[in-house]
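Between the sequences and the hints, there should be enough to build the whole structure, so can you do that?
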Amino acid sequence: MNALTLDETVVRVNDDCVHCGVCVTTCPVGALEDVEG
Amino acid sequence: MAEVQEWDVVVVGAGPGGSMAAREAAKAGLDVLMIEKRQEIGAPVRCGEGIAKVWLDEVGIAKDPGWISHEVKGARIVAPDGKFVDLTESQAGNETGYVVHRDRFDRTLAEQAVRAGAKTLLKCAATSVLKDGKGAVVGVRARHWDSELELRAPLVVAADGYESQVGRWAGIDTKLVPRDINTCLQYELVGIDIDPDFNEFHLGMQAPGGYIWIFNKSDDSANVGIGVNLSMISGRAAVKGYLDAFIARHPNLAKGQNVETVAGAVSVCFPIESTTADGIVLVGDAGRMVDPITGGGVVNAVKSGMVAGRVAKECHDASDFSRAFLQRYEKGWRELCEEQLIRNYVAKEKLITLSDDIFNKVIDALQGYKIERVTTMEILRMIQARYPEVVKELESLL
Numbered sequence: 001m002n003a004l005t006l007d008e009t010v011v012r013v014n015d016d017c018v019h020c021g022v023c024v025t026t027c028p029v030g031a032l033e034d035v036e037g
Numbered sequence: 001m002a003e004v005q006e007w008d009v010v011v012v013g014a015g016p017g018g019s020m021a022a023r024e025a026a027k028a029g030l031d032v033l034m035i036e037k038r039q040e041i042g043a044p045v046r047c048g049e050g051i052a053k054v055w056l057d058e059v060g061i062a063k064d065p066g067w068i069s070h071e072v073k074g075a076r077i078v079a080p081d082g083k084f085v086d087l088t089e090s091q092a093g094n095e096t097g098y099v100v101h102r103d104r105f106d107r108t109l110a111e112q113a114v115r116a117g118a119k120t121l122l123k124c125a126a127t128s129v130l131k132d133g134k135g136a137v138v139g140v141r142a143r144h145w146d147s148e149l150e151l152r153a154p155l156v157v158a159a160d161g162y163e164s165q166v167g168r169w170a171g172i173d174t175k176l177v178p179r180d181i182n183t184c185l186q187y188e189l190v191g192i193d194i195d196p197d198f199n200e201f202h203l204g205m206q207a208p209g210g211y212i213w214i215f216n217k218s219d220d221s222a223n224v225g226i227g228v229n230l231s232m233i234s235g236r237a238a239v240k241g242y243l244d245a246f247i248a249r250h251p252n253l254a255k256g257q258n259v260e261t262v263a264g265a266v267s268v269c270f271p272i273e274s275t276t277a278d279g280i281v282l283v284g285d286a287g288r289m290v291d292p293i294t295g296g297g298v299v300n301a302v303k304s305g306m307v308a309g310r311v312a313k314e315c316h317d318a319s320d321f322s323r324a325f326l327q328r329y330e331k332g333w334r335e336l337c338e339e340q341l342i343r344n345y346v347a348k349e350k351l352i353t354l355s356d357d358i359f360n361k362v363i364d365a366l367q368g369y370k371i372e373r374v375t376t377m378e379i380l381r382m383i384q385a386r387y388p389e390v391v392k393e394l395e396s397l398l
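Protein chains in written order, with this note's numbering: chain A, 1 to 37; chain B, 1 to 398.
What the hints contain is simulated information worked out from the structure, not anything from laboratory work.
Remember, predicted model here, so these are calculated numbers, not experimental data.
Cβ atoms here follow ideal geometry from the backbone N, Cα and C, with glycine treated the same way.
There's no promise every hint is true.
[To be verified] Listed next, the stretches of chain B that the computed footprint assigns to chain A, with coverage defined by at least 3 CB atoms under 8 Å from CB atoms of chain A:
(1) 183-189
(2) 235-244
(3) 259-267
Written out as structure tokens, the structure is:
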């Protein structure tokens, strides 16, 4: 649970991303592929 | 080389909390700069857009058809089995009365701040806080288009929302655990059949640890959204799955078309220990002031923002921006908001454990009663008469 924001961590998203800016580990639309940091 | 600017107050974030802080501080004669990382205040919207009416007058926000999308009479609380009870607007909490255009609402508040004398910089993102030799915050560094700015001010108001970083940079503990986060998704559906007089709140495991809302934006359109507790999610795109399944089960909604998708998260935590440090205050969502039951944050953002703006003037007059002096802010916002936050946190902790069966029984027991005419104890007696075991489950909510 260290991926609260796009600014602090490197995240990889797929085409489903709606760019809400809140990358929680369980993305509401399933766009979060990978989290570093 | 960063351009250096000197201000009395720098407000980070131009949402409702930031704009109210800027308005009050500017009204008191301070030089206020409000920065917003986005190019447009209020957009993109990340909100269910339901607000109550009663508090608007208290905080000096005139009702304006420009930002009111729709007016409702109350809230309909719907059990998993479809039975429901209707609450009047006054009983339904801080999210029922108007459904607004949040982008226009936020813009209106920012305009109030500007008319009071505050300056704004859009496309200006804070990148770190400036500290003096003793560790007190004395401004922020920011990127404005391709320029680096050093915005120096003896008081920073962090109104940077759920993802707030300014508070963390200042050393304030705003960490959340998954149980304290609800992740949300919403569609604005047009061409649907709804009861235009009632916003709906659907309870139960169709939205684990949260609820599904239908907030009417007109007679045939509504924000249909879901909040799910992060600790209760498993599986990829689970939140979208829950919402899509709910809509599919309701033909009156499934016939509509989506014109806007909104996603985000809200904190549903116990009030944090401190919202101040030397030279900085946190307001609204940045200070974790969201209602743990409804996920609504606008009212508390506005109220805390106003307190922050007024305390800024007191700090300025006393030339004291220490954390000790800023306890006036801490005390001020907690007097206005904290009791309800604590009460609703305790209730939320219980509610997320209740089964669909319990929700069905509670709503069933209240069928046929005029809720506005009875007290909480009477409601419990009604439930007890029919389902005594349920009252035991609800004891801790008292």
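Hints versus structure:
{"no.": "1", "hint": "183-189", "in the structure": "holds (count 3)"}
{"no.": "2", "hint": "235-244", "in the structure": "holds (count 5)"}
{"no.": "3", "hint": "259-267", "in the structure": "holds (count 5)"}
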